[in-house]
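There are 2 protein chains.
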Amino acid sequence: MDYTVPKGMRDFLPAQMNVRLDTMQKIEGVFRSFGYLPLATPAIEKLEVLQKKGGDEIEGQIFQIEGGMGLRFDLTVPLSRVVASNSFPLPFKRYCIAPVWRREEPQKGRFREFFQADIDVVGSTSPRCEAELLACAKFALFKLGFPAPKLMLNNRKVLNALAQKTGIPQEKQNAMFRALDKVGKQTLEKIKEEMIMKGISEKAASEIEKFISFSGTNEKTISFVKKTLGDFATEGANELEAVVNACKLYSFEPEISLSLVRGLDYYTGSVFEISASEEIGSVAGGGRYDNMVGTYGVPSPAVGISLGIERLIALLEEKKKSEGATSAVAQLFIANAKPEFFEYAVEIAWALRQKGINCELDLLERNLRKQFDYANASGVAYIAIVGEKEKAAKKLTLRDLKSGDEELCSIEEAIKKLQGKKSH
Amino acid sequence: MDYTVPKGMRDFLPAQMNVRLDTMQKIEGVFRSFGYLPLATPAIEKLEVLQKKGGDEIEGQIFQIEGGMGLRFDLTVPLSRVVASNSFPLPFKRYCIAPVWRREEPQKGRFREFFQADIDVVGSTSPRCEAELLACAKFALFKLGFPAPKLMLNNRKVLNALAQKTGIPQEKQNAMFRALDKVGKQTLEKIKEEMIMKGISEKAASEIEKFISFSGTNEKTISFVKKTLGDFATEGANELEAVVNACKLYSFEPEISLSLVRGLDYYTGSVFEISASEEIGSVAGGGRYDNMVGTYGVPSPAVGISLGIERLIALLEEKKKSEGATSAVAQLFIANAKPEFFEYAVEIAWALRQKGINCELDLLERNLRKQFDYANASGVAYIAIVGEKEKAAKKLTLRDLKSGDEELCSIEEAIKKLQGKKSH
Chain A
1 MDYTVPKGMR DFLPAQMNVR LDTMQKIEGV FRSFGYLPLA TPAIEKLEVL QKKGGDEIEG
61 QIFQIEGGMG LRFDLTVPLS RVVASNSFPL PFKRYCIAPV WRREEPQKGR FREFFQADID
121 VVGSTSPRCE AELLACAKFA LFKLGFPAPK LMLNNRKVLN ALAQKTGIPQ EKQNAMFRAL
181 DKVGKQTLEK IKEEMIMKGI SEKAASEIEK FISFSGTNEK TISFVKKTLG DFATEGANEL
241 EAVVNACKLY SFEPEISLSL VRGLDYYTGS VFEISASEEI GSVAGGGRYD NMVGTYGVPS
301 PAVGISLGIE RLIALLEEKK KSEGATSAVA QLFIANAKPE FFEYAVEIAW ALRQKGINCE
361 LDLLERNLRK QFDYANASGV AYIAIVGEKE KAAKKLTLRD LKSGDEELCS IEEAIKKLQG
421 KKSH
Chain B
425 MDYTVPKGMR DFLPAQMNVR LDTMQKIEGV FRSFGYLPLA TPAIEKLEVL QKKGGDEIEG
485 QIFQIEGGMG LRFDLTVPLS RVVASNSFPL PFKRYCIAPV WRREEPQKGR FREFFQADID
545 VVGSTSPRCE AELLACAKFA LFKLGFPAPK LMLNNRKVLN ALAQKTGIPQ EKQNAMFRAL
605 DKVGKQTLEK IKEEMIMKGI SEKAASEIEK FISFSGTNEK TISFVKKTLG DFATEGANEL
665 EAVVNACKLY SFEPEISLSL VRGLDYYTGS VFEISASEEI GSVAGGGRYD NMVGTYGVPS
725 PAVGISLGIE RLIALLEEKK KSEGATSAVA QLFIANAKPE FFEYAVEIAW ALRQKGINCE
785 LDLLERNLRK QFDYANASGV AYIAIVGEKE KAAKKLTLRD LKSGDEELCS IEEAIKKLQG
845 KKSH
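Chains A and B, in that order, are what the protein sequence lines are.
Just so we're aligned, residue 1 is where the first sequence starts under the working numbering, counting upward by one.
Just so we're aligned, residue 425 is where the second sequence starts under the working numbering, counting upward by one.
When the alpha-carbon atoms are kept at most 25 Å apart in a straight line, the in silico PhoX-like pairs for lysine-lysine are as follows:
#, chain 1, residue 1, chain 2, residue 2
1, A, K421, B, K450
2, A, K26, B, K567
3, A, K355, B, K672
4, B, K818, B, K845
5, A, K26, A, K421
6, A, K421, B, K779
7, A, K370, A, K391
8, B, K815, A, K248
9, A, K172, A, K53
10, B, K532, A, K46
11, B, K840, A, K143
12, B, K672, A, K394
13, B, K470, A, K46
14, B, K477, A, K7
15, B, K672, A, K391
16, A, K26, B, K841
17, A, K416, B, K567
18, B, K826, B, K840
19, B, K819, A, K248
20, A, K52, B, K431
21, B, K470, A, K7
22, B, K431, A, K46
23, A, K7, B, K476
24, A, K210, A, K185
25, B, K567, A, K421
26, A, K355, B, K450
27, B, K779, A, K143
28, A, K421, A, K394
29, B, K450, A, K143
30, A, K150, A, K210
31, B, K431, A, K53
32, B, K762, A, K248
33, A, K26, B, K845
34, A, K355, B, K845
35, B, K450, A, K416
36, B, K672, A, K395
37, B, K609, B, K627
Selected chain B positions facing chain A (in silico; Cβ < 8 Å):
#, residue
38, S457
39, P462
40, P513
These are computed hints drawn from the structure, not numbers from a lab.
Here a beta-carbon is modelled for each residue, glycine too, at the ideal position from N, C-alpha and C.
Only chain A is shown next, with the shape it has when bound in the complex:
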């Protein structure tokens, strides 16, 4: 009989976990450096809470639990519930790095349990929020080794204005957004075809195609939007301009991309997306959702960004693999030459652990040869050997497994040598 995980679920073995923990810690450190507060909510929510977000996309994806409950499918719904029923000093800035669950068909790189890393600002309509979220995501990507991400910005009010200007009726707007959401994955020709198939007039579809194809500096794009859509787009165009200007204070500028949609009903203003690089594609996205919190009771503007950390971890794992990843947590294995020196090994381990050096001892009562085999297999960087000579001198023999160098040193000397080294 073979026991496995359910479809779309994963075990993370130690070598993978080392990469995952390192990635999450770096991201958490950056989120905290911007003053975002940790908030955790349960995995299980009431179905009525989850279904409040609405949209067909979500409804079928909830893992249901008897008693009218389900597993959360994102971190924004629980945030909205929490802020609607608590009073925090505003703006409330929170981060959350946690798993979510979706009952969609697993594919390569898409799982039914996966982690998200979100930061959100609730209670402010200022474009400073968008700028800070983008700066924070950019810094996190930098820390993870992606120094030149591409930031794209758009505004749903501009897209709404486009729909209005081209005379698309309310009930067809989702079809338009759904089609636009495929820009980059499909040709403009196919996207136009889709819109027409969904009942949008050929004239409107052509106008939309032309509009979203515009390319130029941000300044020119904003002028183009104002000129083309006129009064319909004043608010959206001004918001685009304000966000671009707020980002300049942080010494970067997102690129306005008039075709950027990001999902259906949810966003109300700014939307953004970050590619780690030209080849790698999207690793973060988000936007302003000023109506969401209100559906849980107390209206409040909100804006957030979500890092696709599974994507980032997959990329970093590839990198680590080529560098020879190890599952080791311990920096060294302290081998006892004979059982009677185990006690002295324990003494050394205690001294090292108190100084934050991770180390292991023999728990199988093996001979020295077999202790070495284990230490080598486990991937530690050093072996310390303790025997007659070492115990008598209150020292240890430290062997660097990479260079093969050995030296007899005191516990203090060993600590000094190991403290500088990275603990996995």
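Keeping the supplied structure of chain A fixed, place chain B upon it in accordance with the hints.
Same frame as chain A, now just chain B:
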């Protein structure tokens, strides 16, 4: 309409999360210092995997999900599944700090979603394992501020021998264990009554009562066990002795408690339990379960300990509350005297964040007074003020909110001052 979490579930707001994260980081650091490897498994497992552990205790407590799945109720079942289907260098030592879910009736201090912190050693029968697990748990408790925990040890083979010696039939042994599990919560009189009610003879119940009441040094207890139970208990008594001796190498000694059971069918040898202190009671427990991994395919000895971190966090939260806990993550809030100095505030924030100092800026475009109000409410330790004077001099005015002291200093001086301070 009021949206709340389901029964037995909790939101953790920032002030609580700061305590939780701090607790978990300390525990994780200690686990890693002993070389335990991180392993993560999905929240959702196949029902057949979960039900394999068996026992009525568990069966009704699983949150079921359609498609023959359920949420994990502990971290040992997933570990057993993983080690049975992977080959690791042995012993495989893993840690896991993660939530589990149980459909039991919530009570004060008992929830339907709660975290566990486990370390386990798979692949070794050596008493060195028990000693290391206890030493590791003891060190973790020390790091959390519990310097004098009480460690109790027993062995299920001794209890099995007791059942055999007193002639309790196999099918009544669970009734005996269930009754003994209440020692400390109920009088010995009541426990004896319960055994008799469940069909254990009065003679046997009296013998059991007498046996578990024995109190003396570990040496005397071991002699008593050997003398009273004879050949039945040789193996168990020897294991008790071996574990006590292995612990001595770590300079501590657990106290043998002959009434300690810890659950029903699961444990096969050593069992242990740790009280943080006389008043606080049990905060950790575990034991040897040499048959568990084998039920998933590949037999392997295993032993583990689980820290009741929810209990520990509750105790630490109480302590923090009396010290005035704060929800702040940022060390300082950088207030701009007027909007035109926001850009300079961003520049300072960037310099501080690069040095690992957590700080916040104004995202509501407020006047200075209101920025101060927010900073005070958010619980930061410092406010930096930047205005005309500061910008011209490339400095900032740093105000210590506790002492009220203010000084004009350079960014480098501010970094130096703040780097020594604890970031929440």
